[in-house]
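Work out the full structure: start from the sequences and follow the hints.
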Amino acid sequence: MCTALALFNKMPTIPLHLTKPTSTSHPPENPLPPLLHTPTGLAILELQGTIHFPMPIPESSASSSTQVGKLVFPLYKSDALDPNDLKWMKRVYFYIGKNQRLTGEVRKLGKPFAVIKKREKRENGKDKVGDDVEMGGAEEGIQEDGIQEELEIVQVVRYKIVFSTRPEPVGGEEV
Amino acid sequence: MAALQDEGSVPFSIAHGQQHLRLLELPAEILELLDAPNPPPLSIKSQAASGASGTPSAKPAYAVLCTPTSSFQLRQVQTSNSLFVTQATLEAHGNEIPAPTICAIASCAATLELHPSTESSVVHLQAVLPVYDIVGGDVDVAGNGKSKPVIFSHIPLSDGQCESGWRELVAFEFAGSSYRPSANTLSQAWKSISAAALAEGVKLDSQFLTEDILRLVDEEGYPSDLILAILRLLAADNQDKTGPWSCLDRRKTACFVGKTLLEARQEKKYLTAEFLDDWRDLLPGTWREIAKLDTISGAYTLPSSTTIRFNERLAAAINAEDVTSNAASSSRKWHERFGRARQR
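Chains as they are written, first to last, in numbering that gives the first Met the number 0: chain A, 0 to 174; chain U, 0 to 343.
Please note that the accuracy of each hint is not assured.
[Unchecked claim] Listed next, the stretches of chain A that the computed footprint assigns to chain U, with coverage defined by at least 3 CB atoms under 8 Å from CB atoms of chain U: (1) 42-51; (2) 65-74; (3) 98-112; (4) 149-155.
[Unchecked claim] Away from chain A, derived, C-beta distances all over 12 Å, residues of chain U: (5) ASP34; (6) THR117; (7) VAL130; (8) GLN187; (9) LEU215; (10) ASN237.
Treat the hints as calculated values from the structure; they're not laboratory data.
Beta carbons: idealized from backbone N, C-alpha and C, even for Gly.
Dropping the structure here:
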């Protein structure tokens with residue numbers, strides 16, 4: 000816990016901004032059920048254990064990500080008569096690879112999560128939105144010349160997709 | 000939506016370059032602020048670890064999230080599960096047509112929890128503000144060279160909480176430093192305010208121009224911010240404390256005058272009758288009937304049938320209680336959390 004908060008020792012007060020979604024930005028189409036949509040397209044998924052996948056060979060891979068599986072909402076009907084019918088939340092499948100399946104659900108968070116990101120403010124007034132928010136390492140919080148560290152809440156997420164059971168084997172082409 | 004309808008499934012990928020995002024659990028109070036049309040500024044304040052570890056005075060480093068008026072301690076909670084932050088993207092894998100995909104862009108091994116901190120800022124301020132004590136007309140104290148905002152920025156509580164402690168201590172800025180007055184200083188300053196009011200014919204419990212009092216007291220060498228702090232502390236509740244006018248609350252003032260007079264006397268023997276006389280002399284004529292012992296009940300002890308003494312334990316007890324209840328509650332919370340984690 001102490002190392003995690005070491006970042007804050009360098010500077011007594013760090014502003015925590017709230018990024019309001021801008022109406023001009025058009026996030027990519029969100030394939031999740033609308034209830035799970037957020038202005039930034041961010042969502043939260045929790046599962047037991049870790050997902051192992053073959054690390055790509057940097058040169059040969061044009062893609063910046065590896066598809067590891069598919070999410071299925073078996074009870075969800077996009078043309079359902081009653082959009083307030085939330086029974087579909089009770090079941091979500093997560094197929095990993097070809098042979099494993101996790102069963103889970105969509106849960107409303109009792110306490111929503113704020114997704115926090117580091118924002119670097121340069122002295123020339125231009126904001127550089129950094130990809131990294133490092134609150135957990137020894138190297139973090141290093142104040143380079145003219146860079147003041149600031150944090151921002153990029154999104155408040157109110158639901159999570161959670162898989163709390165172990166994966167079960169499934170045969171062949173399920174999806 | 001197309002993907003969901005056509006294939007009934009959503010492709011899930013993991014980004015090779017993971018971002019470092021953190022998840023902060025939002026209690027209802029904070030959520031309400033964030034949902035408001037104009038959310039107030041939030042900040043994270045920290046206090047470095049102090050004292051050698053293992054010593055009783057050692058305090059671990061901690062950080063708090065501050066709204067303008069409240070503060071929440073940040074605690075990190077490890078999760079045994081994988082917690083992904085995902086982003087809706089358009090991705091093509093292999094030779095396929097790009098399809099809406101859910102991509103895990105960050106994995107969080109821990110989340111941050113917020114716990115309301117109701118700690119008083121008084122203890123923190125007492126530790127950092129030098130005491131401004133006037134002895135025989137002289138003040139022998141080195142300034143800390145820190146303005147009020149600088150002092151506040153180092154206290155792990157919200158500005159609102161710092162401000163109320165600052166007011167309680169009658170703290171003030173003078174010549175680029177911040178101080179808290181001793182009871183002795185307060186008692187003397189009040190004497191000057193009271194004398195000035197008498198000289199100017201100012202009725203302290205009705206509206207008067209602050210400047211009228213300030214001008215006279217200034218001549219005696221009191222920092223004007225100290226006098227303002229006293230007048231603000233003693234102002235009637237319905238009084239606007241920022242304008243050029245002041246109006247004091249009789250009872251609050253009488254109580255303050257009695258307590259500071261007694262506290263300033265410290266260990267020295269004080270005859271109860273003498274104290275009551277001195278107290279009454281420091282109040283405007285029409286207020287004198289308020290100067291009775293029950294006005295300051297709890298603030299004094301009677302070591303003998305004829306003498307009175309300031310109740311040191313009162314002040315000490317408040318602070319000590321604050322510290323221990325804090326320590327107890329935080330350790331209790333740790334325990335609870337471990338309990339919860341085990342049940343999971």
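Tested hints:
no.: 1; hint: 42-51; verdict: holds (count 9)
no.: 2; hint: 65-74; verdict: holds (count 9)
no.: 3; hint: 98-112; verdict: holds (count 3)
no.: 4; hint: 149-155; verdict: holds (count 4)
no.: 5; hint: ASP34; verdict: violated (8 Å)
no.: 6; hint: THR117; verdict: holds (19 Å)
no.: 7; hint: VAL130; verdict: holds (23 Å)
no.: 8; hint: GLN187; verdict: holds (35 Å)
no.: 9; hint: LEU215; verdict: holds (39 Å)
no.: 10; hint: ASN237; verdict: holds (34 Å)
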